[in-house]
Amino acid sequence: ELKVEQNPLFLSMQEGKNYTIYCNYSTTSDRLYWYRQDPGKSLESLFVLLSNGAVKQEGRLMASLDTKARLSTLHITAAVHDLSATYFCAVRPWGQNFVFGPGTRLSVLP
Amino acid sequence: EAGVAQSPRYKIIEKRQSVAFWCNPISGHATLYWYQQILGQGPKLLIQFQNNGVVDDSQLPKDRFSAERLKGVDSTLKIQPAKLEDSAVYLCASSLDSKETQYFGPGTRLLVL
Numbered sequence: 019e020l021k022v023e024q025n026p027l028f029l030s031m032q033e034g035k036n037y038t039i040y041c042n043y044s045t046t047s048d049r050l051y052w053y054r055q056d057p058g059k060s061l062e063s064l065f066v067l068l069s070n071g072a073v074k075q076e077g078r079l080m081a082s083l084d085t086k087a088r089l090s091t092l093h094i095t096a097a098v099h100d101l102s103a104t105y106f107c108a109v110r111p112w113g114q115n116f117v118f119g120p121g122t123r124l125s126v127l128p
Numbered sequence: 005e006a007g008v009a010q011s012p013r014y015k016i017i018e019k020r021q022s023v024a025f026w027c028n029p030i031s032g033h034a035t036l037y038w039y040q041q042i043l044g045q046g047p048k049l050l051i052q053f054q055n056n057g058v059v060d061d062s063q064l065p066k067d068r069f070s071a072e073r074l075k076g077v078d079s080t081l082k083i084q085p086a087k088l089e090d091s092a093v094y095l096c097a098s099s100l101d102s103k104e105t106q107y108f109g110p111g112t113r114l115l116v117l
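Residue numbers (our numbering), protein chains in the order written: chain A, 19 to 128; chain B, 5 to 117.
Just so you know, not all the hints are guaranteed correct.
Claimed, not checked - So the derived label-pair ranges between C-beta atoms look like this:
{"#": "1", "chain 1": "A", "residue 1": "63", "chain 2": "B", "residue 2": "88", "range": "29 to 35 angstroms"}
{"#": "2", "chain 1": "A", "residue 1": "71", "chain 2": "B", "residue 2": "7", "range": "30 to 36 angstroms"}
{"#": "3", "chain 1": "B", "residue 1": "56", "chain 2": "A", "residue 2": "128", "range": "49 to 55 angstroms"}
Unchecked claim - Reference listing, derived: stretches of chain A covered by chain B, where coverage requires no fewer than 3 residues with Cβ under 8 angstroms from a Cβ of chain B:
{"#": "4", "segment": "58-65"}
{"#": "5", "segment": "104-115"}
The hints are simulated quantities; they were obtained by calculation from the structure and are not laboratory data. Cβ coordinates follow ideal geometry from the N, Cα and C atoms, glycine included.
With the sequences and hints as input, model every part of the structure.
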């Protein structure tokens with residue numbers, strides 16, 4: 019059974035600081051998705067990583083994928099309050115369906 | 005482009021009652037998903053449709069949950085009878101095909117008393 023883990027589950031950080039969220043998964047997969055969810059809202063797609071070594075950046079967020087290590091990272095640079103949300107990674111291995119991680123609840127403090 | 009529409013947005017029912025949720029995906033999206041998101045957890049896939057056929061319903065509790073997608077467009081998810089543990093947000097998502105990015109609707113928040 020595919021398992022997707024995220025670390026940390028809760029993150030409180032100061033504005034202007036950098037931090038990395040980790041997503042580990044247990045089965046080979048060549049694509050990984052990152053989503054953002056604001057409280058009481060639905061999920062918004064952030065990144066789709068399609069191959070080993072893929073790196074994508076949007077604003078203060080940068081995501082990367084290492085399929086050999088079964089690891090994706092979401093790096094936050096110079097955090098601002100607007101980034102406060104829950105971040106989910108999701109994996110869809112070949113022949114299987116989407117499995118989401120438990121989410122990382124990020125709180126950026128002034 | 006209009007997003008994924010869901011209704012109702014909120015529903016409160018008593019246990020053993022029935023409830024139905026409706027989803028209208030983005031126009032042209034062949035793949036439609038229903039997810040259950042319990043508070044504090046990630047979404048869990050209940051069922052996936054490709055056009056009007058079921059691709060994966062392995063995690064759908066079929067003794068009480070049912071879903072259909074008539075004509076390959078709109079979809080309904082029904083729970084009959086509801087249990088307390090069904091309290092969750094039910095999210096509908098659609099994508100162009102099964103490998104593409106999913107676009108999520110606003111969700112239906114269900115509370116079973």
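Status of the hints after comparison with the structure:
About 32 angstroms separates the C-beta atoms of residue 63/A and residue 88/B, a value consistent with the hinted range of 29 to 35 angstroms. Between residue 71/A and residue 7/B the beta carbons are some 32 angstroms apart, a value that agrees with the proposed interval 30 to 36 angstroms. As the Cβ distance of residue 56/B to residue 128/A is approximately 50 angstroms, the hint placing it in 49 to 55 angstroms holds. With 5 residues having a beta carbon nearer than 8 angstroms to a beta carbon of chain B, the segment 58-65 of chain A meets the requirement of three or more and the stated coverage holds.
Residues of the segment 104-115 of chain A lying with their CB closer than 8 angstroms to a CB of chain B number 4, which satisfies the three-residue condition for coverage.
Figure legend: structure checked against the earlier numbered hints; every hint is met.
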